[in-house]
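Using the sequences plus the hints, can you model the full thing?
With our numbering, you'll find the sequence shown wraps up at 297, consecutive numbering, no jumps.
Because the hints were derived from the structure by calculation, they are not lab data.
Taking lysine to any residue pairs in the SDA-like style, the calculated list, with each CA pair at most 25 Å apart, reads:
{"#": "1", "residue 1": "Lys160", "residue 2": "Phe177"}
{"#": "2", "residue 1": "Lys210", "residue 2": "Ile137"}
{"#": "3", "residue 1": "Lys210", "residue 2": "Phe200"}
{"#": "4", "residue 1": "Lys210", "residue 2": "Pro128"}
{"#": "5", "residue 1": "Lys210", "residue 2": "Ala293"}
{"#": "6", "residue 1": "Lys210", "residue 2": "Val280"}
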Amino acid sequence: MARPTSVTVIGWIFVGLALLMILSAGMGLMASTLMKQMAGDFPPLPADVPWQFRVHRALFDHFGLLTSLQVVFATFVLIAGIQFLKCRAWARTGLEVISWLGLVFVVGFGIFWVASLVNMTSSIPVGAPGPPPMFTVFMAIMGTVVLTAWAVPLIVIINFLRGTAIRQAMTGP
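Below is the structure:
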């Protein structure tokens with residue numbers, strides 16, 4: 125039986141994304157290492173800093189660990205993508221799980237981003253210099269558009285991975 129086109133397209137999408145994830149982890153680690161070397165130790169955050177800044181600070185403080193986890197995850201995605209192209213059944217399941225995790229991440233990050241933006245811009249005192257009121261609305265709309273642009277392809281991929289054509293194309297372990 126010939127491999128369906130959807131298997132080829134989805135497999136190569138995941139292989140390409142895995143390679144980009146590995147590359148971006150390496151570049152991010154180099155950039156964060158240089159920033160830490162140039163800046164030295166960062167002073168502690170003041171107590172009145174909004175929670176969003178604390179989240180970003182925690183991410184930056186643990187960036188080395190996060191990039192290492194990204195490389196491990198991307199390596200699994202790369203292996204699963206290659207095995208999916210070879211029509212291995214476990215790889216279909218693995219890519220579906222990865223797609224669901226990606227969808228949860230995209231939606232969660234989109235909500236975090238829009239909520240952070242609205243919270244930060246609404247906390248600016250009246251009369252203080254800051255963005256115009258429509259800026260918050262525009263950025264919330266843009267955040268929703270970006271969230272949709274990332275979520276829709278994942279939903280389409282999940283539907284294909286769960287479809288009959290791909291399930292029938294997969295062989296044993």
